[in-house]
Structure formats: structure tokens, C-alpha cells
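Heads up: the protein sequence lines correspond to chains A and B, in order.
Per my numbering: the first sequence ends with 448, consecutive numbering throughout.
Per my numbering: the second sequence ends with 448, consecutive numbering throughout.
Rather than coming from a laboratory, the hints here were simulated on the basis of the structure.
Computed from a predicted structure; not experimentally measured.
Heads up, some of the hints might be wrong.
Any copy, or any two copies together, can satisfy a pair, since identical chains are not distinguished.
Pairs of lysine to aspartate or glutamate, EDC-like flavour, derived with a Cα cap of 20 Å [to be verified]:
(1) Lys-127 with Asp-246
(2) Lys-81 with Glu-92
(3) Lys-59 with Asp-336
(4) Lys-59 with Glu-92
(5) Lys-149 with Glu-369
Protein chains: 2
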Amino acid sequence: MQLPRKDLFEIPDGVIYLDGNSLGVLPKGAAARAAQVIEEEWGGQLIRAWNSAGWMDLPRVVGDRIASLIGAPKGSVATGDTLSVKVYQALDAALKMRPDRKVILSDSGNFPTDLYMAQGLIETIGKGHILRTPEPEDVVEAISDEVAVVMLTHVDYRTGRMHDMDAITRAAHAAGAVMIWDLAHSAGAVALDIAGSQAEFAVGCTYKYLNGGPGAPAFIYVRPDLIDAVAPGLAGWMGHAAPFAMDPGYRPALTTERMRIGTPPILQLSVLQEALTVWDGVDMAAIRSASLRLSDLFIAEVEARCPELILATPREPSARGSQVSFAHPNGYAVMQALIDRGVIGDFRPPNLMRFGFTPLYIDDADVIAATEVLQNILETDAWKAAKYRRVSKVT
Amino acid sequence: MQLPRKDLFEIPDGVIYLDGNSLGVLPKGAAARAAQVIEEEWGGQLIRAWNSAGWMDLPRVVGDRIASLIGAPKGSVATGDTLSVKVYQALDAALKMRPDRKVILSDSGNFPTDLYMAQGLIETIGKGHILRTPEPEDVVEAISDEVAVVMLTHVDYRTGRMHDMDAITRAAHAAGAVMIWDLAHSAGAVALDIAGSQAEFAVGCTYKYLNGGPGAPAFIYVRPDLIDAVAPGLAGWMGHAAPFAMDPGYRPALTTERMRIGTPPILQLSVLQEALTVWDGVDMAAIRSASLRLSDLFIAEVEARCPELILATPREPSARGSQVSFAHPNGYAVMQALIDRGVIGDFRPPNLMRFGFTPLYIDDADVIAATEVLQNILETDAWKAAKYRRVSKVT
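Extracted from the complex, chain A is given alone in its bound form:
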């Protein structure tokens, strides 16, 4: 298998897309799959499609495909909802596994919604749980026997810094804590062995490196030997052992399917299923190797061409994911100027320009071309024209 596989994607002419860490590009088959689901399945089969088109099983089928990309066994991954909701499910289940402990340990670099969901759950429970968020490098030291659950995002959304999954999971377990990994910036980006890590839970989203499209469903992994011990707080009918028995009492499914909640988003799941076919025959070790080659090249080129930019990502390959961030006091304006010229990355406060590297559709020539544009913007002060435009709501 050769990388990149640009022929599998629709990439606009004139665009170098270094934002696959935010929203992946469009796989070529997605539109046809959506049309099929809408016209043939929904339109033609109507309610019967829940059986005849396999809609009922789709969350599990898609979950199995994701499992294969994160080092998880079949049947251990459920899909649906948003990542925020999946974070809540994992946290809720984890706290119930450690009823004598009150601390949720995360870090200050976690993506805000993970912290917000923890805060919301703490308020809902109302028993004085505490969320602690030390700096990322201080997490291991902060793991004590007060900690019920350690919840971390594996790759930092701002800097690309990657936690040591195995070491932190071991430290959590040594202290008797449950481990939750958020793989938002890892799934499809780095080689993962979530089962090997022994972590109890992992969650992630599919619209970044997995190219599932805007608002694509999230996923949750539960370590298979623990599923009986997981008490779903979001106890929806699709997670029931027999949804169509219409029992008045909740009985969770015997498998990871208990992490399903409501009626699955069939249209988005179908497009995601199609998007995942681009991974057929792809070795995640080859992706990781190409990703590091691309990001190393980017770092070297930017540092040679743009000395005023400060690398905010760890230089050590094993300590970073598949994105590179550079700081600039006018990073927002510089990024706008880049986007205006077809080089699409994004910006995160206070001053970080983020560039994601997706070896399925980015190659060395793209990297070099992008750095040439960046160099030109900085040398000519072209970013000043973009400086005073309104702040984009999403970048």
C-alpha cells in the first residue's frame, strides 16, 4: 500500500489541507453512500430498512471497523452520539466503579468539553466530587489513592503533545484508579493498542482523522472483561438487552452495546462506514511513520524559513501526535492569511497555529509548498491585512 492515497478523496483544487485534525476531507464514496441510504433505504424501504438495510446493526458494524484502527477487539466499541456524551458515559461508569473516591483527575491541556462534562456530572451527582487539572507533565505525580478516575486526552488538541498511554495507565491502576483515554486526536493519527494499555475506557470522535464528516458519530471502547461492571447512566433503549420487548425496567445489553443510547444517526453512520473504507489495507505503523516524516519535514522547513515562529509541539517524535503547532503573537491573522492562500490549518487561543498531517492525503510536496506560502506571508507582512477581520467562530 502506497501513501498518500489522494485518489480516494475529493480535495478542492488549490488547497493544501492541513486541518484534517479538525475536520477530515471528503472521501469519494461518501456522497454516493448518502444518496443510497436516502433514496433506496429510507425512501424505498422505509421502516423496513431497520432490518432489511441493516440499520439496527450499523452502530456495532461501524464500531468493529473503528476497533481495528485503535487496537481493540471486535465487539468492544459502540458508536453514536457525540464525543461529549461518550465522555460523560465513561466518567459516570468509572465513578460508579470507585464509589469510595471523589477525585476526577484530568489535566489543564484537556479539551474543554471533557472538563465541562466532568463538571456537569459532578453537579448532577451532587456529592462533592472534585475535578483536578494539573499541568500535563504533572499528571503522574498527581495520581493518588484519592483519585477515582484519570481522564486524559491522549494527544493535546493545542500542542500535539502526546501522553505516554501505557505508563500513565499503569500509574492509574497502581493507585487503584480507573483510566479513560480520549482518542479524539489519536484515532487514525497514531498507532494505538488500547487493549494492550489495559485502560478501562476510551472514547473518540470520527470527524477528524477518520473523515466521517461534520458531526459524525462518536465511539466508546470498554475493556471487554469489565462490561458486566458498567452501569450505564444514560440508559437508553438501544442499550437495553431487548429494546423491542418494551419492558418498563432497564436491563443493559450483555455486550458493549449497552453504551448505545437512543435511535442511531443512520445517515451519518452510513457515511462514516463508507469513509472508513479508505483504511482498508492500511497499516497504522506505516501511517505513523509517514506522519512523523511529514511533521519532521514541516518543522525543519518552518524553522529554516520562518525564524520568528516558535515551535509549541514537542520535538521528540514519540512525544507528539500528528499535528504541529507554532506560536506567533499574531497567529490568528497569519492563519487567516494562509487560509486566504489555500493553505488551511487552524488557530487555537492564545497564539497557536495548528497544522495537522494526514498521510492518506498529504505528501512532502504539500508540506514544502505550505511552508513556502507561510514564509512569504511572514516576509511580506501579508498577515497584517487579515489582522482586523472578525474572529471566526470555528477555525
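Please build the complex by placing chain B on the supplied structure of chain A, with the hints as guidance.
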């Protein structure tokens, strides 16, 4: 405006679809809208589409359209997630408004997932809350000053029996309880004045009478004067006052947007937005009038033609929604025989055949034709051939 408006929908040849109360039919514009979102917005604009294609505002825009169909003011309805999750949000917020009370009152006819979500929330909180489920006709009597929240589905998914929204809401408020209405079988089916009811919360789904497609997003209404008092337990970043400030601390949005959670399902929301255009110029009073004419006709025809079927739906028009259920000891097999002949309704245990009436795409001739097929199946015992087929997972 004339009813029906069959020209706005794709309905398969040879099908009389009396299951719009489960999954609405395909509006003609849906496939083109999906193609546009996928190819032009996602494929062409990529991450920029969050602003340039209006993705960020889509949950609110769609919520406003739904608001107009349920008698709610603009800005009072948020969309996204599944109905199960929206039930949880409403229950969680309601319990926080009545911290001194421990009872959630529902009824034995509520859709199971509503009861399950209550059970799950009770387990997560872990403070001894109780779910009570009297028979539907005994709900008002069961409202006491122990009750924190009354949570009911307005129209019963099995029988079509409709609760008196105003009377029950008044009774709940008289006892100091918070009122939550589940409008799953009401929105787009009956005329609603949710604001006039003074209920604190309403939730609903959009894949039934609103034709949003399989897994279309749910909605939640919050009475506008109460929004400041709503503390979201599912405190996702999209409900934050400033999602892209990336604050470590959660601050809810000042509006109903605080009921948003994670990244919205743009593809499903866009198709739903398109689906809702079929309601342009439609008067819900006219829909209700046509719905009752169709269901009255159906009841009369079935009772004349099929005396062995027992009406399970209230005969009194003001006491039912837009579906009619008949009981038969072999209802499952009879329904299979109907479906085999192109008359699509569905079955709910233990013995109910459900038929939904959707005046946008069903007319009197459809009703009469459907009852002719039903009569023939019963007179010829044609259902016996379907009796021993496997039980469908979804009907």
C-alpha cells in the same frame, strides 16, 4: 393549502404507508440537500463551512423551525442528540429545580426509553430518587407534593391515547412539580401550544411526523423565563457561553443553546432542515382536522369490515393523537401479512397493530384501500402464513 401534499414526497409505488408515526417518508428535497452538504459544503469548503455554510447556527435555525410547529417562541428550542439524551437533560435540570423532592412521576404507558433514562439518572445521582409509573388514567391523582417532576409522553406510542396537556400541567404546578412533555408522537401530528401550557420542558424527535429521516436529531424546549435556572448536567462545549474561548470552566450559554452538548450532526440536521420545508404554509389546525377525519374513517371502516379487531385507541377525538391501534391475538402476523401486501403499519407488544395517519401524504382513498386489504387478510386467514416468521427487531 390543500391536503395531502403527496407531490412533496417520494412514496414507493404500491405502498400505503401508515407508519409515519415511526419513520416518516422521504421528502423530495432531502437527497439533493444531502448531496449539497457533502459535496459543496464539506467537500468544497471543508472546515470553513462551520462559518461559510452556517453549520454553527444550524441547530438554532432548525430549532426555530420546530418551535413554530409546537407553539413555542423563537429561540426556545435546541436541537441535536437523541430523544433519550434530551429526556435526560430535562429530567436532570428538573430535579435540580426541586432539590427537596425525590419522586419522578411518569406513567406505565410511557415509551420505555423515557423510563430507562429516569432509572439511569436515579442511579447516577444515587440519592434515593424514586420513579413512579401509575396507569395513565391515574396520573393526576398521583401528583402529590412529593413529586419533583412529572414526565409524560403526550400521545401514547401504543394506543394513541392523548393526555390533557393543559390540565395535567396545571395539576403538576399546583403541587409544585416541574412538568416535562415528550412530544415524540405529537410534534407534526396534533396542534400544540407548548408555551401556552406553561410546561417547563418539552422534548421530541423529528424522524416520525417531521420526516427528518432515520436517526434525525431530537429537540428540547425550555420555557424561556426559566432558562437561567437550568443547570445542564450534560455540559458540553457547544452549550458553553463562548465555546471557542476554550475556557477550562463551564459557563452555560445565556439562551436555550445551553442545551446543546457536542458537535452537531450537520448532515442529519441539514436533511431535517430540508424536510421541515414541507410544513411551509401548513396550518396545524388543518392537519389536526384532516388527521381526525382520516382516523375516524379508518376506525369506521375497520369496525365495519373486521369485527374481530378490538379498537385500542380512545374513540373520543380529543383523547387521541394521530394513530389508531387495533388489538388482535395474532396482531404480529396480521401486520406482517399487511406489510407483504404494501400496507405498512407496525406492531407493538403484546397484540397491537398500529396505524399512523399523516395528512401530508395520506388521503381517504388510502385509508379505504388499506382497510380493504386488512379485511381480505382476515377473511382469508392469509395472516397464518406469516405467523411463524421470525420476529422483526424493529417494526
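Which hints from the list above does the structure break, by number from lowest to highest? Of the numbered hints, just 5 does not hold.
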